[in-house]
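So the sequences go chain by chain: A and B. Numbered according to the working numbering, the first sequence spans residues 1 to 123. Numbered according to the working numbering, the second sequence spans residues 1001 to 1079.
Treat the hints as calculated values from the structure; they're not laboratory data. Virtual Cβ for every residue (Gly too), placed ideally from N, Cα, C. Errors might be hidden in some of the hints.
[Unchecked claim] In silico BS3-like pairs for lysine-lysine, Cα to Cα no more than 30 Å straight-line: (1) K80/A <-> K1078/B; (2) K95/A <-> K80/A; (3) K48/A <-> K1024/B; (4) K49/A <-> K1024/B; (5) K1024/B <-> K59/A; (6) K1056/B <-> K1014/B; (7) K59/A <-> K1078/B; (8) K1027/B <-> K1070/B.
[As the list claims (entries may be wrong)] Taking beta-carbon pairs under 7 Å as the criterion, some of the chain A residues facing chain B (in silico): (9) T20; (10) Y23; (11) T27; (12) A30; (13) D32; (14) I56.
[As the list claims (entries may be wrong)] Sample of chain B residues with no beta-carbon within 12 Å of chain A, all distances over it, derived: (15) A1006; (16) L1017; (17) T1058; (18) N1060.
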Amino acid sequence: MSSLLYVHTGGVNNPERSATPIYLATTAAAMDVEVGIYFTVNGPTLLKKGVPETLIVPKFDGNGAPLRRFIDQAQDMGVKFYVCQPSLDLHGLEKDDLIDGVEMIGGAAFNDMALEADQVICF
Amino acid sequence: MADAPAHDEVLDAKGLLCPMPIVKLAKFVKTMDPQKVVLLEATDPGSVPDVNAWAKNTGNPLIHQETVDKVMRFWIQKA
């Protein structure tokens, strides 16, 4: 099976950057690709409990959708979500502050995933 | 143009935007029996390259495609 690893560095201050890696990952999962998203730098702020429901992914006509919709689609299709502790510390977050379905890894595990994946795609 | 092949199921993805037609197709095809054919109807402008890419990667062949009045129709056989 092919595999892709997305790296998501965008956070709550850039809503327009929040959904794209997630829906591309969803599409990859629909293509029978094994796919994960590593949320780092500001990425973990998108996964704080309560944020996905209130962060609106903007659309030109004002009819944006909440980030939660994109996250639910991804998790429903089997996309794995990963974070690491230093990027949580950057924002004063703990693992328990995050939504369900997020796995904690470290730098070595991330590098190993990157070496194993067919491609790594960074946002 | 060749005549459209027979189909067993119809999947309406008209009005849905990327990536939902592909997500809907992927989920639906998982429920189908092998060799059965689904007719997917979509209006997302990227659907022709998207369905071709999906079929190539999942191994479920796209056996026929037609576009009439901005509605793209795809006949996909479950592998």
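Hints versus structure:
| no. | hint | in the structure |
| --- | --- | --- |
| 1 | K80/A <-> K1078/B | 26 Å, holds |
| 2 | K95/A <-> K80/A | 15 Å, holds |
| 3 | K48/A <-> K1024/B | 28 Å, holds |
| 4 | K49/A <-> K1024/B | 27 Å, holds |
| 5 | K1024/B <-> K59/A | 22 Å, holds |
| 6 | K1056/B <-> K1014/B | 22 Å, holds |
| 7 | K59/A <-> K1078/B | 35 Å, violated |
| 8 | K1027/B <-> K1070/B | 24 Å, holds |
| 9 | T20 | 11 Å, violated |
| 10 | Y23 | 5 Å, holds |
| 11 | T27 | 4 Å, holds |
| 12 | A30 | 4 Å, holds |
| 13 | D32 | 5 Å, holds |
| 14 | I56 | 17 Å, violated |
| 15 | A1006 | 25 Å, holds |
| 16 | L1017 | 10 Å, violated |
| 17 | T1058 | 5 Å, violated |
| 18 | N1060 | 9 Å, violated |
This entry does not satisfy hints 7, 9, 14, 16, 17 and 18, going by the numbered hints stated previously.
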